[in-house]
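Take the sequences, apply the hints, and build the full model.
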Amino acid sequence: MMENLKIMWKKTACAIMIVAVLVTGILTPTQTTQAAVYSWMRTAKTMYLNRTINGTARNNVKPTLMDPYDCYDDYFYVKIPARMELYLSISVEGTSPFDFIRVYNNSGNEIGSVYSGWSYNRSSNRCYIKIKMNLNGGSYYIRQADIYRSNSEKHRYSVRLTGQFANAVSFSGLRKAYSGAAKLTWRRFSGVDGYEIFRSTSARGTYRRIATVGRGTTSCTNRGLRRNARYYYRIRGYKNINGTRVYTKTSATRSVRV
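In terms of mature numbering (1 follows the signal peptide of the UniProt record, and there is no 0), the sequence shown is residues -35 to -1, 1 to 223.
It is possible that part of the hints are untrue.
Said to hold, decoys possible - Simulated pairs of lysine-lysine, DSBU-like, Cα-Cα distance not exceeding 30 Å: (1) 119 / 44; (2) 214 / 10; (3) 141 / 44.
Bear in mind the hints are in silico, worked out from the structure with no lab data behind them.
So, in structure tokens, the structure goes:
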């Protein structure tokens, strides 16, 4: 299964943040390449959504006649429950970031890579990159690697994967149930554990969660509202994955006068 890589730029107050997005053929050739060695699959560190992995990148690849450099190489394994919009954030100590980051599918085929886009923050003495990846459900391996200047070189790093389901919950209806009450209905979103309903008194106002319902529920009646007032609603689904809650995109806003 092919994925895609493209670049977007995002500017922050303290530094330039580069966002690289997995889109086919922009940063890498469209053809997939078989991973040269498969032993790394057994040693890959397991990565979970919304959790940070901290480590130290040390030289761990011996120079050879074909590749006479001191190198660091590390792999991370992640399982995605459904098509998701993900962000891989990496922070590395020092001025020398990893030379490349590659993504492989569960068969060991490379599906995308990033070779540039790091920013350096002098005050923290760290390099940063944020990569956006649109991946279908399944298992993936993420590789980070760097060519080192000496055998003793090492850099502390942190890696974090965050994101949400790529699609949004869809309203199927919103109407006045009776005076002072609104009834919401929505289409079932496959794979979630439940839904959260949000309400506001203005389209661009603050939306507060008013209810959480289970996966089998696709309707909600919101009672105790001010009569003849207009209310605005949004819905999103959620799934509990390894102790953390991962969300769908939020639905479009709908309103009703009650």
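Tell me if the straight-line CA distance from residue 214 to residue 10 falls inside 30 Å. 28 Å, holds
With a cut-off of 30 Å on the C-alpha distance, tell me whether residue 119 and residue 44 pass. 29 Å, holds
Quick one, are residue 141 and residue 44 close enough, alpha carbons at most 30 Å? Violated - the C-alpha atoms of residue 44 and residue 141 are around 42 Å apart, more than 30 Å.
Of the hints listed earlier, the one the structure fails to meet is number 3.
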